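Colleague: Going line by line, the protein sequences match chains A and B. FYI, the numbering for the first sequence is 1 to 497, going by the numbering used here. FYI, the numbering for the second sequence is 1 to 497, going by the numbering used here.
Keep in mind the hints are simulated off the structure, nothing from the lab. Owing to the predicted nature of the structure, the values given are computational and were not obtained by experimental measurement. It is possible that part of the hints are untrue.
Lysine to aspartate or glutamate pairs mimicking EDC-like chemistry, simulated, CA-CA at most 20 Å apart [as the list claims (entries may be wrong)]: (1) A:Lys14 with B:Asp214; (2) A:Lys14 with B:Asp391; (3) A:Lys186 with A:Glu203; (4) A:Lys156 with A:Glu138.
From chain A, some residues computed to sit far from chain B (all C-beta separations above 10 Å) [as the list claims (entries may be wrong)]: (5) His22; (6) Leu65; (7) Gln87; (8) Glu91; (9) Gln224; (10) Gln359; (11) Glu368; (12) Gly379; (13) Thr398; (14) Val425; (15) Lys489.
Cβ coordinates follow ideal geometry from the N, Cα and C atoms, glycine included.
Number of protein chains: 2
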Amino acid sequence: MSDKAKTNPSQTRKLRDVQQWHRETDVAIVGFGGAGGCAAIEAADAGSTAIIFELASTSGGSTALSSAEIYMGGSGGTRVQQACGFQDSTEDMFTYMMMAAGPQADEEKIRNYCENSRDHFQWLLDIGVPFKDSFHRERAIMCLTDDGLLYTGNEKAYPFAQQAKPCPRGHNLYVEGDNGGPLFMKIVTENVEKRDNITVEYETRALTLIVGDDDRVVGLVVRQNQQELNVRARQGVILCAGGFVMNDEMVRKYAPMLTAGTEPIGNPGDTGSGILMGMSVGAAAINMHEGFISLPYYPPASMTNGIVINDRGQRFINEDVYHGRLGAFALRQQSDRIYFIVTVDQYADYEKVSFMGAQVAGTGESVEELEEELGLRTGTLQQTINLYNEDCANGEDTQCHKAAEWLVPLQPPLVALDITPGRGVFVPYFTLGGLDTLPTGEVVDARRQVIPGLFAAGRTACGVVRRAEGYSSGMSVGDATFSGRMAGKQVAAAARN
Amino acid sequence: MSDKAKTNPSQTRKLRDVQQWHRETDVAIVGFGGAGGCAAIEAADAGSTAIIFELASTSGGSTALSSAEIYMGGSGGTRVQQACGFQDSTEDMFTYMMMAAGPQADEEKIRNYCENSRDHFQWLLDIGVPFKDSFHRERAIMCLTDDGLLYTGNEKAYPFAQQAKPCPRGHNLYVEGDNGGPLFMKIVTENVEKRDNITVEYETRALTLIVGDDDRVVGLVVRQNQQELNVRARQGVILCAGGFVMNDEMVRKYAPMLTAGTEPIGNPGDTGSGILMGMSVGAAAINMHEGFISLPYYPPASMTNGIVINDRGQRFINEDVYHGRLGAFALRQQSDRIYFIVTVDQYADYEKVSFMGAQVAGTGESVEELEEELGLRTGTLQQTINLYNEDCANGEDTQCHKAAEWLVPLQPPLVALDITPGRGVFVPYFTLGGLDTLPTGEVVDARRQVIPGLFAAGRTACGVVRRAEGYSSGMSVGDATFSGRMAGKQVAAAARN
Chain A
1 MSDKAKTNPS
11 QTRKLRDVQQ
21 WHRETDVAIV
31 GFGGAGGCAA
41 IEAADAGSTA
51 IIFELASTSG
61 GSTALSSAEI
71 YMGGSGGTRV
81 QQACGFQDST
91 EDMFTYMMMA
101 AGPQADEEKI
111 RNYCENSRDH
121 FQWLLDIGVP
131 FKDSFHRERA
141 IMCLTDDGLL
151 YTGNEKAYPF
161 AQQAKPCPRG
171 HNLYVEGDNG
181 GPLFMKIVTE
191 NVEKRDNITV
201 EYETRALTLI
211 VGDDDRVVGL
221 VVRQNQQELN
231 VRARQGVILC
241 AGGFVMNDEM
251 VRKYAPMLTA
261 GTEPIGNPGD
271 TGSGILMGMS
281 VGAAAINMHE
291 GFISLPYYPP
301 ASMTNGIVIN
311 DRGQRFINED
321 VYHGRLGAFA
331 LRQQSDRIYF
341 IVTVDQYADY
351 EKVSFMGAQV
361 AGTGESVEEL
371 EEELGLRTGT
381 LQQTINLYNE
391 DCANGEDTQC
401 HKAAEWLVPL
411 QPPLVALDIT
421 PGRGVFVPYF
431 TLGGLDTLPT
441 GEVVDARRQV
451 IPGLFAAGRT
461 ACGVVRRAEG
471 YSSGMSVGDA
481 TFSGRMAGKQ
491 VAAAARN
Chain B
1 MSDKAKTNPS
11 QTRKLRDVQQ
21 WHRETDVAIV
31 GFGGAGGCAA
41 IEAADAGSTA
51 IIFELASTSG
61 GSTALSSAEI
71 YMGGSGGTRV
81 QQACGFQDST
91 EDMFTYMMMA
101 AGPQADEEKI
111 RNYCENSRDH
121 FQWLLDIGVP
131 FKDSFHRERA
141 IMCLTDDGLL
151 YTGNEKAYPF
161 AQQAKPCPRG
171 HNLYVEGDNG
181 GPLFMKIVTE
191 NVEKRDNITV
201 EYETRALTLI
211 VGDDDRVVGL
221 VVRQNQQELN
231 VRARQGVILC
241 AGGFVMNDEM
251 VRKYAPMLTA
261 GTEPIGNPGD
271 TGSGILMGMS
281 VGAAAINMHE
291 GFISLPYYPP
301 ASMTNGIVIN
311 DRGQRFINED
321 VYHGRLGAFA
331 LRQQSDRIYF
341 IVTVDQYADY
351 EKVSFMGAQV
361 AGTGESVEEL
371 EEELGLRTGT
381 LQQTINLYNE
391 DCANGEDTQC
401 HKAAEWLVPL
411 QPPLVALDIT
421 PGRGVFVPYF
431 TLGGLDTLPT
441 GEVVDARRQV
451 IPGLFAAGRT
461 ACGVVRRAEG
471 YSSGMSVGDA
481 TFSGRMAGKQ
491 VAAAARN
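Modelling step: build the complete structure from the supplied sequences, incorporating the hints.
Modeller: In structure tokens form, the structure reads like this:
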């Protein structure tokens, strides 16, 4: 076997070619981000030994880079929800998450997530994650205060609010600024370190899976200090190696439509290696074309009073949606440009924050003047704003169903921001596809048959989050931590049976 | 090994478990549609022996169910193009097909297709496929006359015409009505039957691939008369087993977004078995979420004079696009309804054909009346039609760029057809994802490394056609026949090296 073949995660190593085991453990976990850490804790607490192999020299993964909001609720509400006066229902949460995932929804997985979400909150408390019992009222992408709860998605926006009673489910760690991720991973890492039956090996790259003649996954090959080590995993391997957003070749192959005018966000280890290892043993990778794409036009929340138009001067979305949903619909327009139209006052607020980096495309003392400056067909923007302002006066957005609280007439002078992806505005993306798994974390093939010995969690799996248009902040870390726990429990439980 | 495992195409059989070869051949081909037939002819003509295994009791596949237009051109034009006065260029064809495939384009594959397209036409002539040197002027989805050439896509529509000089490339067989497919497969079948080194075994189901210890594909297992037969394929296996549109489970997993209000079209053998067999040996399946979705609103061509609107009364697409592109953009609207607005005269023409099955949603002696009947916000449809009629008078569609030839003012009385998918209108779909292959037909894994001994063609592979929004009639049979030939040549050539 050539060196090249050895290090190709899309090819496996055969058990019969293994001369020697360099490590033996019950559970081998690839990646020490939120998913891998939670998987290790659960496996260890169920009595298994676990080794986490982490490419970097510290724990963290993409979870540590995030603000680590965690999407939780249902069952009458978490402690924070209840303290803030919200009685969340599992059915509302389920309905909302099913709508969010759309036709790609994995109903069984979403059901399991919602029914066990309040327990997940409790588990996080038990390992020491702090949440303050306070509600952050302002519309925000992430909470820059230490408040414990906020709306982080489309819960209050059309068409979600019409189907599921809105409830805030973004749980923010009790820490100032966007330091939720580092704090969260610090707590998880401390929990890992204090468990004698977990070992962590840093600066170690997982190369490929080892499979028996019966196609069972029995271990993996890792590289450490330029040595290849064969790791025996008696109970199973859990892949928690992140997504593939940093693998240009995989993005070009599976999700090229995400890359027009956008920039990848993630950690350097998001190379898809976990997904490739799974595919090498016949696992189905699903939803590989989908990603989160964001046009972050708030804060300030007052921007929500503006309108978004295409180059026909038409509105196409209720502007009180989450920025991921706006991004998804903006990319679907047959339109050379997407503009955000606001009043001068709203723009003054925006300029202070200038979160998005959008350039001013035009200004106008009147709508006609702005229309002309943007090169729009005469009458189009005038008609759009006339209708919008009438709707504002009547308190009902008849065209796009923006909630009444955001309906303030647009009075000139007006400013148009160019929010076309690729025209200066920062449009981050990351991938949402991964290995198909059961709610237990067991990896399945294209026929949904379980691949013995193989588990996946976090972004290496395709979780409850399936589309930008239904994304809420907190769903990723929520899914990573919850799915990590499920896999950790299952791998240990399977051993007992 | 259990019976279940034996018949699961997502699992392989190991060479070491093969006790006996029941068939031996140079090339084993799965499926006798357009791709499989052409692959067999090329392999045989290069000196190899070939066996085609076909599930049905006759040849045909989806090619025989189609009208078998074939998308060809470039290199100054095919004989038919030249005779009809069109000098097609390879660069225009390449540019058009690259735009059609969009970010998902496989540039190398499209380049190869375009550069060899005129040769492909000649090859088809050589095996006896007849084309008449006549041009069909009317806009049509398929040619119901025996004319040899017509526009079958978005070539003359924005934004394609602005980038690539339009040229008709849909080649229609010299036969009346929609009998191109049966005639084409009759000719291919005769060519197969007259070659001594090709054998066809009908009513035979391919079950799974056989792989050696070096992961090379060395044959396959088929079932015939309730017997499992091991087939040795010395030079390789070519999978030409169609797509997966008839496999509900795979569609739900990979392309659930195609199924809202749509109906699958294809042949019963499109169960994805070829794709699953490829995945079982580590092949990458790509573009699995994509499909062709059509809202066939013409003929009559006069419908193109109408406009399409969403439930905000907005136009969103130039109505002279191919119906697949209209379908793709219709599904992307945040809109409960999609309407086609035509004059009573245009509707009278449509009613005679009634191709689409759309229901009348409203009529109006005036635009205001129709607007009200459709429940649209007052003023919206009026504004849209006012702008449109002004543009018609000026000969330029400033909003959606429909070509000038279709710009005729909409004068009441007007009719609105409900073309919302799921509301009575027939919206067929089929899948466009499949195994990733090189232009040679060699199947590759997720790292684009060739899987030795495995080839794919037709819809089992992901070919040059990647999106509904860029589909032209004739691309599917064009790709099936061309990619089949490429694979047949390569499998034989590889043996000689």
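Colleague: Compare the structure with the hints numbered earlier in the document and write down the numbers of the violated ones, lowest to highest.
Modeller: Hints 2, 12 and 13 are the ones this structure does not satisfy, whereas the remaining hints hold.
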